[in-house]
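Enquirer: Sequences listed follow chains A and B, in order. Counting from 15, one number per residue, gives the positions in the first sequence under this note's numbering. Counting from 15, one number per residue, gives the positions in the second sequence under this note's numbering.
Hints were generated in silico from the structure; no laboratory data involved. It cannot be assumed that every hint is accurate.
Any copy, or any two copies together, can satisfy a pair, since identical chains are not distinguished.
[Unchecked claim] Think about it this way: if two alpha-carbon atoms lie no more than 20 angstroms apart in a straight line, the pair counts; the simulated DMTMM-like pairs of lysine to aspartate or glutamate are: (1) K236 with E128; (2) K236 with E105; (3) K236 with E32; (4) K236 with E148; (5) K236 with D62; (6) K236 with E116; (7) K236 with D65; (8) K236 with D141; (9) K236 with E140.
Protein chains: 2
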Amino acid sequence: MDSIDERVLQAVRIILVEPAGPLNVGSIARVMKNMGLSQLVLVQPHCDPLDPQAQQMAVHAQSVLHQAVVVQSLPEALTGCQRAIATTARERADGPPLELPEVALPWLLENPAEPPGPAALIFGPEDRGLSNGELNYAQRTVAIPSSEIYPSLNLAQAVAVCTYLLRRSWLGGPDLKPQSGSSVPADLAPLDQLEAMLSDLEQLLLTIGYLYPHTAVSRMEKFRRLLHCSGPTAQELAMLRGILRQLDWALQANRGKS
Amino acid sequence: MDSIDERVLQAVRIILVEPAGPLNVGSIARVMKNMGLSQLVLVQPHCDPLDPQAQQMAVHAQSVLHQAVVVQSLPEALTGCQRAIATTARERADGPPLELPEVALPWLLENPAEPPGPAALIFGPEDRGLSNGELNYAQRTVAIPSSEIYPSLNLAQAVAVCTYLLRRSWLGGPDLKPQSGSSVPADLAPLDQLEAMLSDLEQLLLTIGYLYPHTAVSRMEKFRRLLHCSGPTAQELAMLRGILRQLDWALQANRGKS
Numbered sequence: 015m016d017s018i019d020e021r022v023l024q025a026v027r028i029i030l031v032e033p034a035g036p037l038n039v040g041s042i043a044r045v046m047k048n049m050g051l052s053q054l055v056l057v058q059p060h061c062d063p064l065d066p067q068a069q070q071m072a073v074h075a076q077s078v079l080h081q082a083v084v085v086q087s088l089p090e091a092l093t094g095c096q097r098a099i100a101t102t103a104r105e106r107a108d109g110p111p112l113e114l115p116e117v118a119l120p121w122l123l124e125n126p127a128e129p130p131g132p133a134a135l136i137f138g139p140e141d142r143g144l145s146n147g148e149l150n151y152a153q154r155t156v157a158i159p160s161s162e163i164y165p166s167l168n169l170a171q172a173v174a175v176c177t178y179l180l181r182r183s184w185l186g187g188p189d190l191k192p193q194s195g196s197s198v199p200a201d202l203a204p205l206d207q208l209e210a211m212l213s214d215l216e217q218l219l220l221t222i223g224y225l226y227p228h229t230a231v232s233r234m235e236k237f238r239r240l241l242h243c244s245g246p247t248a249q250e251l252a253m254l255r256g257i258l259r260q261l262d263w264a265l266q267a268n269r270g271k272s
Numbered sequence: 015m016d017s018i019d020e021r022v023l024q025a026v027r028i029i030l031v032e033p034a035g036p037l038n039v040g041s042i043a044r045v046m047k048n049m050g051l052s053q054l055v056l057v058q059p060h061c062d063p064l065d066p067q068a069q070q071m072a073v074h075a076q077s078v079l080h081q082a083v084v085v086q087s088l089p090e091a092l093t094g095c096q097r098a099i100a101t102t103a104r105e106r107a108d109g110p111p112l113e114l115p116e117v118a119l120p121w122l123l124e125n126p127a128e129p130p131g132p133a134a135l136i137f138g139p140e141d142r143g144l145s146n147g148e149l150n151y152a153q154r155t156v157a158i159p160s161s162e163i164y165p166s167l168n169l170a171q172a173v174a175v176c177t178y179l180l181r182r183s184w185l186g187g188p189d190l191k192p193q194s195g196s197s198v199p200a201d202l203a204p205l206d207q208l209e210a211m212l213s214d215l216e217q218l219l220l221t222i223g224y225l226y227p228h229t230a231v232s233r234m235e236k237f238r239r240l241l242h243c244s245g246p247t248a249q250e251l252a253m254l255r256g257i258l259r260q261l262d263w264a265l266q267a268n269r270g271k272s
């Protein structure tokens, strides 16, 4: 992380073509700041970036709204950029080839200039997305994979996903890779059974005076964590519950004798 | 893509604890449907999932809002789940170890049951996030890496990032390679202390009649494995030995009375 200059991330400009929703623009400002970006450019916006709704959604990212640049055309928004990627919802017969965001976006950060020159990530209007003509201003085009049943993401959600992936690429490290929970047994005990066991255990520990009502909650948290770490199987959980039952009997039997 | 059953994705339940913003709940319904999810569970929501603002943000995902289940507690929301992952904004001194979402989330899809049983991804309230107690209901905890300057993501944006990563993992494809390395605590209990605890436990279980001499060895093997899997810290082991001591006292005290 130290070896990569944070300025390459800050050099990425988010361009919104004709955004119409102030809630979206505000949400976008917020997630940009969350992800370490700051340059917002609006092409012929249909709403005011300083609209109260936008400011409300931006929360602590109002600086991004105040610094937002409003321009009249996409080429103007791209001034000075060497690399641009456009976003679209789906493949079109006459459109450019689409790439996965994880594959294309890191290219925006491979910025050879010193200091890093601006690069651009372009999003279309809420209702229609970018036209083929607008897509052609960028060298590459990405599409966020989504369900065929309802493929169209909210604009601010699309920006969130892309800026997150930019930041992840910038952070590097343990990579964009899933981990198989191979060490976790397949027949893990259901969580509600685990909770039932913890509840029995709490009762027992109160009975024997190990727990007091005022310490019970925090202590039981420790047991919950320990149990989750061990990932007990249904069979193991049944064993633990068997012990609790037997302990209870042993304690009651002794009491009965007294 | 064809080889992986889409039902494992649909089996993932999104649990929102005390959500307050109808705009957020509506946006979440939309991005869930975008990403192929459908089960939304609200724990003590502070807003109506059918609030007009929620419905407006959901656009074509109003079915998710209509099918949303409202419950009174997190354990209730987790009923039937075998695997749960909680989300948090940042590391806490006394909290569970944090993982990257790319690393942990695919685990929710490794669902061995047929048909796939429910798995859960839990998000906290907008203003405070999940408490440590709530985090402990899940086996794993993820944090979305964000800027130190403004780390706190909007709830719906956080859900967008996580559900996108779930879908990407489900889709497979480039850049998603398996990864090793989980977080083993640094202060693991010494093995001899662990054995001493197991010996105390064996004695107690013989006393209460849970173990018989001829079953003791194989049973104790099960406990040894469970303990090793959980990798208890020295502090956790001390806690377990404290319980055994107290149980012993309780049993003897009762006996003394008889």
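Enquirer: Determine for every hint whether it applies to the structure shown.
Expert: So, going through the hints one by one against the coordinates:
no.: 1; hint: K236 with E128; result: neither (27 angstroms within a copy, 33 angstroms between copies)
no.: 2; hint: K236 with E105; result: between (33 angstroms within a copy, 17 angstroms between copies)
no.: 3; hint: K236 with E32; result: neither (39 angstroms within a copy, 24 angstroms between copies)
no.: 4; hint: K236 with E148; result: between (29 angstroms within a copy, 12 angstroms between copies)
no.: 5; hint: K236 with D62; result: neither (48 angstroms within a copy, 34 angstroms between copies)
no.: 6; hint: K236 with E116; result: neither (32 angstroms within a copy, 27 angstroms between copies)
no.: 7; hint: K236 with D65; result: neither (48 angstroms within a copy, 39 angstroms between copies)
no.: 8; hint: K236 with D141; result: neither (43 angstroms within a copy, 25 angstroms between copies)
no.: 9; hint: K236 with E140; result: neither (42 angstroms within a copy, 26 angstroms between copies)
Of the numbered hints stated above, those contradicted by the structure are hints 1, 3, 5, 6, 7, 8 and 9, listed in ascending order.
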